[in-house]
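Just so we're aligned: the sequence shown equals residues 1 to 224 in our numbering.
Honestly, I wouldn't trust all of these hints.
Claimed, not checked - Result set (DSS-like, lysine-lysine): computed pairs, CA atoms no more than 25 Å apart in a straight line: (1) 45 / 162; (2) 168 / 221; (3) 149 / 206; (4) 45 / 66; (5) 110 / 162; (6) 162 / 206; (7) 65 / 45; (8) 162 / 149; (9) 206 / 170; (10) 162 / 66.
Said to hold, decoys possible - Simulated DEER-style distance windows between Cβ atoms: (11) 16 / 146: 44 to 54 Å; (12) 44 / 129: 23 to 33 Å; (13) 211 / 43: 37 to 47 Å.
Hints in this document: simulated from the structure, not taken from any laboratory. We treat Cβ as the ideally placed atom computed from N, Cα and C, and that holds for glycine.
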Amino acid sequence: MIPLLLIEDETDLGLIIADNLRSAEFDVNHCSDGEQGLLLFYQMKPEIVILDVMLPGLDGFAIAKKIREVDTETPILFLTARTQTADVVNAFELGANDYLRKPFSLEELKVRINALVQRNQWQNQKRFLHIGDYAMDSMRQTLKHREGKEINLSFRECELIKMLYENKNKVIHRQDIIHAVWPHDRFFTGRSLDVFISRIRTYLQKDDRISIVNVRAVGYKMIV
1 MIPLLLIEDE
11 TDLGLIIADN
21 LRSAEFDVNH
31 CSDGEQGLLL
41 FYQMKPEIVI
51 LDVMLPGLDG
61 FAIAKKIREV
71 DTETPILFLT
81 ARTQTADVVN
91 AFELGANDYL
101 RKPFSLEELK
111 VRINALVQRN
121 QWQNQKRFLH
131 IGDYAMDSMR
141 QTLKHREGKE
151 INLSFRECEL
161 IKMLYENKNK
171 VIHRQDIIHA
181 VWPHDRFFTG
191 RSLDVFISRI
201 RTYLQKDDRI
211 SIVNVRAVGY
221 KMIV
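From just these sequences and the hints, can you work out the full model?
Structure, rendered in structure tokens:
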């Protein structure tokens with residue numbers, strides 16, 4: 001069964017959704033409080049999150065932001081009575097994968113959930129990057145040399161390595177890196193990026209075929 005987290009404060013609606021999804025082979029955890037829902041997310045590692053916006057404790061937008069600070073993979077579907085375009089835009093800017101306005105049909109909800117789950121399962125097949133003698137697991141956020149110990153990465157380190165590798169042998173502009181990896185941090189500077197690059201060079205130093213070149217006044221290039 002696919003673990004699913006439902007955060008919905010309308011009790012009757014939440015029970016109806018949960019019962020229908022359980023009959024469709026989802027393992028549903030349902031809660032009605034935002035803070036409790038975020039705690040459940042950390043504990044259960046669901047494959048999809050169904051999220052209302054107007055919640056006690058912590059609203060849905062705040063929950064989505066906190067989830068995306070540590071997890072860019074798990075699909076988030078907003079299910080809400082908030083119908084304004086500004087709300088939809090905000091949800092997607094925070095990292096939502098879908099947005100379904102109330103009232104809705106249960107059949108449409110199930111179709112949307114299945115589409116997100118299938119897409120996520122396909123993307124998970126791409127979770128491993130093989131960089132020279134290293135393997136990076138982008139979901140577990142680890143980097144391992146074939147003859148060495150496993151290194152735990154921060155979320156930003158993982159995203160930075162991924163961006164450099166996916167653009168290997170190409171120069172990436174500093175501002176492009178900062179906007180992609182630190183999109184909501186207005187105070188992150190080029191000097192801070194240099195510190196992260198230095199740390200990643202240290203992680204990858206056991207394979208001398210890998211280098212991260214500083215292209216002066218432009219950006220960085222990973223050579224593999």
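For each hint, the structure was consulted:
no.: 1; hint: 45 / 162; result: holds, 22 Å
no.: 2; hint: 168 / 221; result: holds, 7 Å
no.: 3; hint: 149 / 206; result: holds, 11 Å
no.: 4; hint: 45 / 66; result: holds, 14 Å
no.: 5; hint: 110 / 162; result: violated, 32 Å
no.: 6; hint: 162 / 206; result: holds, 18 Å
no.: 7; hint: 65 / 45; result: holds, 16 Å
no.: 8; hint: 162 / 149; result: holds, 20 Å
no.: 9; hint: 206 / 170; result: holds, 22 Å
no.: 10; hint: 162 / 66; result: holds, 21 Å
no.: 11; hint: 16 / 146: 44 to 54 Å; result: holds, 51 Å
no.: 12; hint: 44 / 129: 23 to 33 Å; result: holds, 26 Å
no.: 13; hint: 211 / 43: 37 to 47 Å; result: holds, 40 Å
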